[in-house]
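Participant: As a plain string of letters, each chain reads:
2 protein chains.
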Amino acid sequence: MFSPLIDELMSSLRCLPGVGPKSAQRMALHLLERDREGASRLAKALAESVDGVSECSRCRTLTEEEFCTICNNHRRLKSLLCVVETPADVLAIEQAGTYKGTYFVLHGHLSPIDGIGPSDLGLDQLQQLLSTGEVEEVIMATNPTIEGEATCHYISERAKKLQVTVSRIAQGVPLGGELEYIDGGTLAHAFSSRQKI
Amino acid sequence: MFSPLIDELMSSLRCLPGVGPKSAQRMALHLLERDREGASRLAKALAESVDGVSECSRCRTLTEEEFCTICNNHRRLKSLLCVVETPADVLAIEQAGTYKGTYFVLHGHLSPIDGIGPSDLGLDQLQQLLSTGEVEEVIMATNPTIEGEATCHYISERAKKLQVTVSRIAQGVPLGGELEYIDGGTLAHAFSSRQKI
Ligand SMILES: [Zn+2]
Ligand SMILES: [Zn+2]
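First to last, the sequence lines map onto chains A and C.
If you're matching positions, the first sequence starts at 1104 in my numbering and goes up one per residue.
If you're matching positions, the second sequence starts at 1104 in my numbering and goes up one per residue.
There could be a bad hint or two in this list.
[To be verified] Derived pair list, reagent style DSS-like, types lysine-lysine, alpha-carbon separation capped at 27 Å: (1) A:K1203 to C:K1125; (2) A:K1125 to C:K1264; (3) A:K1147 to C:K1147; (4) C:K1125 to A:K1147; (5) C:K1181 to C:K1263; (6) A:K1264 to A:K1203; (7) A:K1125 to C:K1147; (8) A:K1147 to A:K1125; (9) A:K1125 to C:K1125.
[What the hints assert, rightly or not] These stretches of chain C come out as covered by chain A in the derived footprint (C-beta under 8 Å, 3 or more residues): (10) 1118-1129; (11) 1145-1154; (12) 1160-1170; (13) 1234-1244.
I should point out that these hints are in silico values taken from the structure, not numbers from a laboratory.
Built from N, CA and C at the ideal position, the CB exists for glycine as well.
Start from the sequences and build out the full structure, keeping to the hints where you can.
Facilitator: Right, dumping it as structure tokens:
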């Protein structure tokens, strides 16, 4: 509509999740009309992140340092290791604010159909970490999906062989959720896993 | 949470309109985990746009060329000039798809309180364009707000002195709008501006 460069800006903004053509237009015009400083800052942050951000050598979460801020924090318990599928899961658990251990990020789950096997999830690295004896308990926090459960099962078996305690985060009805809006699978699980009070 | 570079990426994504802290986190992790190519493309488009995009020499809309694609299109009527406040207004009118003339973009409206006067809106350039005799009718499409009306009035007076026809886009109830949801000012205007059928 305007010119190739502006069209390209609008089109490239659509790589952002949740941004459709209308939002991309609004964003491009906003930046060019009212916030070129912000646009330059964002361009720089994107370029530097793409270049610099890699994985933590211990836990595989995203970081531009050798070790992430969590692994580097001596107040975090290295004896507790929470296994998650993505860095977004780390963020969600950190924001809940009660977990004091460290993490291991798989960057996915086992998926033979997509050709994703143990080595893609860093399971050799996990095995090595568990072999050091540093970790006393592995808390499995993969997603409660078929793939997440299969991945959980695979990892648990390997961890148990190394005499490491393995636990799974509890599944059931979410706090504050109303029963009528909760899916049948979750409800059924909540009933079969009911606890005496 | 993760590292300075990722924090900076999340924070700089918030320069985008409508992006709060949660969306910025989601966007940053999505780009770093799943679309680094998209992130690089966006970084490049942002940097090149900030450097290259300026204003069309005739109509002041955003473009990296001397003249925008609309002014450069010989099928667009140079005798019709639609005055709008922003490039986003140009986009909205173009997407409506019926206007065949050209535009003049003010990049704002008269606002003495904010120190925005005629020269900030390119009104000298507009005066020059109207003096060439190329434009036969100016269609005022500034916003139907107090500032937009004041700006419209100011420009109309100057255009009329140059013997150019001036019109104002119609104001009333929007097509498809339901009367019960339309504000009182619009309804009152629609009644006082009623037309015989
Ligand atoms: Zn780490
Ligand atoms: Zn132009």
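Participant: Each hint: holds or not?
Facilitator: To see whether the hints hold, each was checked on the structure:
1. Distance restraint check for K1203 of chain A and K1125 of chain C: the Cα-Cα separation of roughly 23 Å lies within the 27 Å cut-off, and the hinted pair is therefore satisfied.
2. Restraint check for K1125 of chain A and K1264 of chain C: the C-alpha separation of about 39 Å exceeds 27 Å, so the hint is violated.
3. Proximity of K1147 of chain A to K1147 of chain C is assessed by CA-CA distance (about 9 Å); at most 27 Å being required, the pair is judged to hold.
4. Between the alpha carbons of K1125 of chain C and K1147 of chain A the distance comes to roughly 21 Å, so the proposed pair stays at or under 27 Å and holds.
5. For the hint linking K1181 of chain C to K1263 of chain C, the alpha-carbon distance of about 18 Å falls within 27 Å, and the restraint holds.
6. Between K1264 of chain A and K1203 of chain A the alpha-carbon distance is near 25 Å, which keeps this suggested pair within the 27 Å criterion.
7. Of the pairs offered as hints, the one joining K1125 of chain A and K1147 of chain C holds, with about 21 Å between alpha carbons and a cut-off of 27 Å not exceeded.
8. Straight-line distance between C-alpha atoms of K1147 of chain A and K1125 of chain A comes to about 25 Å, which keeps the hinted pair within the 27 Å bound.
9. With a C-alpha separation of about 20 Å, the suggested pairing of K1125 of chain A with K1125 of chain C holds against the 27 Å cut-off.
10. Taking a C-beta to C-beta cut-off of 8 Å, the stretch 1118-1129 of chain C contributes 7 residues in contact with chain A, enough for the three needed, and the coverage statement holds.
11. With 9 residues bearing a CB less than 8 Å from a CB of chain A, the stretch 1145-1154 of chain C meets the requirement of three and the coverage assertion stands.
12. Counting residues of the stretch 1160-1170 of chain C whose C-beta lies closer than 8 Å to any C-beta of chain A gives 5; at least three are required, and the coverage claim holds.
13. Given as covered by chain A, the stretch 1234-1244 of chain C fails the check, having 0 residues with a CB less than 8 Å from a CB of that chain where 3 are the minimum.
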